[in-house]
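Novice: Take these sequences, add in the hints, and give me the full structure.
Protein chains in written order, with my numbering: chain Z, 1496 to 1610; chain H, 119 to 237.
There may be inaccurate statements among the hints.
Stated by the list, open to error - Sample of chain H residues facing chain Z (criterion: CB under 10 Å; computed from the structure):
#1 Ser149
#2 Tyr153
#3 Gln159
#4 Glu162
#5 Phe163
#6 Asp174
#7 Gly177
#8 Leu209
#9 Tyr227
#10 Gly229
#11 Pro230
Claimed, not checked - Across the chosen pairs, the derived CB separations fall in these ranges:
#12 Gly1557/Z to Lys132/H: 39 to 49 Å
#13 Tyr128/H to Ser1609/Z: 27 to 37 Å
#14 Ala171/H to Ser1575/Z: 40 to 50 Å
#15 Asn1592/Z to Gly158/H: 24 to 34 Å
#16 Ser1609/Z to Gly190/H: 40 to 50 Å
#17 Asn169/H to Val1524/Z: 25 to 35 Å
Said to hold, decoys possible - According to the in silico footprint, chain H covers these stretches of chain Z (three or more CB under 8 Å from chain H):
#18 1533-1543
#19 1601-1610
Hints listed in this document are in silico derivations from the structure and should not be mistaken for laboratory results. Beta carbons: idealized from backbone N, C-alpha and C, even for Gly.
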Amino acid sequence: AQSVTQLGSHVSVSEGALVLLRCNYSSSVPPYLFWYVQYPNQGLQLLLKYTTGATLVKGINGFEAEFKKSETSFHLTKPSAHMSDAAEYFCAVSDRNTGFQKLVFGTGTRLLVSP
Amino acid sequence: GAGVSQSPRYKVAKRGQDVALRCDPISGHVSLFWYQQALGQGPEFLTYFQNEAQLDKSGLPSDRFFAERPEGSVSTLKIQRTQQEDSAVYLCASKLAGGSGNMGTDTQYFGPGTRLTVL
Chain Z
1496 AQSVTQLGSH VSVSEGALVL LRCNYSSSVP PYLFWYVQYP NQGLQLLLKY
1546 TTGATLVKGI NGFEAEFKKS ETSFHLTKPS AHMSDAAEYF CAVSDRNTGF
1596 QKLVFGTGTR LLVSP
Chain H
119 GAGVSQSPRY KVAKRGQDVA LRCDPISGHV SLFWYQQALG QGPEFLTYFQ
169 NEAQLDKSGL PSDRFFAERP EGSVSTLKIQ RTQQEDSAVY LCASKLAGGS
219 GNMGTDTQYF GPGTRLTVL
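Specialist: Below, the structure written as structure tokens:
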């Protein structure tokens, strides 16, 4: 069965600092991997996704993530944090076993950005 | 509309009441998903439709939960005899394509959710 582990329920950074949010997945077949962001009282917005091809994926708002099969990881990074990046971030996986339909999410990481 | 819409945005129910949550997907989207997000948790899959067919309902927590999409567009999630543990945000998402394999690369677009509080 698929699963996603997000280390750190809260991550605090200063404005301008590097953002690193960790995601490890478990899947018996090649996965599709996603990062979503959720602002208060809003739905989930896709930041980026990996399906096939290049393992370094660039998304919106300056975020990127790298799929590392050997480490079963898909960590999210941003070189310089902005105050507007403060939100909840979710990593998710889907794979062929479920027809690439349902998403399995991690428990989320809340990013706090201080001035 | 431009995005997925859900109504109501907030619902308060007394324990034992029935509730109905509505989802309007993006026009033309074939696939529709329901997820449940408990406080402080990630969303958990409930059920999935391709057009009007409910292809996967493995995530529905009990037979009190029922979902339908009779005309392949709007969907309703119904919860009968609500319990306090049903309190959560219910998220709906839609996707342009159905099927599997490469079609799975289509993005799921989420609505704002319905926050259900059962007293």
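Novice: If a hint holds in the structure, say so; if it does not, say that too.
Specialist: Do the hints match the structure? See the list:
1. Interface restraint check: Ser149/H against chain Z, minimum CB-CB distance 7 Å, threshold 10 Å, status holds.
2. The beta carbon of Tyr153/H comes within 8 Å of a beta carbon in chain Z, closer than 10 Å, and the hint placing it at the interface holds.
3. Against a cut-off of 10 Å between C-beta atoms, the interface hint on Gln159/H holds, since the closest Cβ of chain Z lies about 6 Å away.
4. About 7 Å separates the beta-carbon of Glu162/H from the nearest beta-carbon of chain Z, less than 10 Å, and the hint is met.
5. Annotation: Phe163/H was flagged as interfacial toward chain Z, and the flag holds, the nearest CB pair being 4 Å apart, inside 10 Å.
6. Nearest Cβ of chain Z to the Cβ of Asp174/H: about 7 Å, under the 10 Å cut. The hint holds.
7. Checking Gly177/H against chain Z: minimum C-beta separation of about 7 Å stays under 10 Å; hint holds.
8. The restraint placing Leu209/H at the interface with chain Z holds, with a minimum CB-CB distance near 6 Å, inside the 10 Å limit.
9. At about 8 Å, the closest approach between the beta carbon of Tyr227/H and any beta carbon in chain Z falls short of 10 Å, and the interface hint on this residue holds.
10. The interface hint given for Gly229/H is met, as the beta carbon of that residue sits about 5 Å from the closest beta carbon of chain Z, less than 10 Å.
11. The closest approach between the C-beta of Pro230/H and any C-beta of chain Z is roughly 5 Å, which is under the 10 Å cut-off, so the hint is satisfied.
12. For the pair Gly1557/Z and Lys132/H, the supplied restraint of 39 to 49 Å holds, since their beta-carbon distance comes to about 46 Å.
13. The hinted window of 27 to 37 Å between Tyr128/H and Ser1609/Z holds, with their beta carbons roughly 31 Å apart.
14. The hinted window of 40 to 50 Å between Ala171/H and Ser1575/Z holds, with their beta carbons roughly 46 Å apart.
15. Our hint of 24 to 34 Å for Asn1592/Z and Gly158/H holds, since their Cβ atoms are close to 28 Å apart.
16. At about 48 Å, the beta-carbon gap between Ser1609/Z and Gly190/H stays in the expected band of 40 to 50 Å.
17. In this structure the hint that Asn169/H and Val1524/Z lie 25 to 35 Å apart at CB holds, the actual value being about 26 Å.
18. Counting residues of the region 1533-1543 of chain Z whose C-beta lies closer than 8 Å to any C-beta of chain H gives 6; at least three are required, and the coverage claim holds.
19. Counting residues of the region 1601-1610 of chain Z whose beta-carbon sits less than 8 Å from any beta-carbon of chain H gives 3, enough to reach three: the coverage restraint holds.
In summary, the structure agrees with every hint in the numbered list given earlier.
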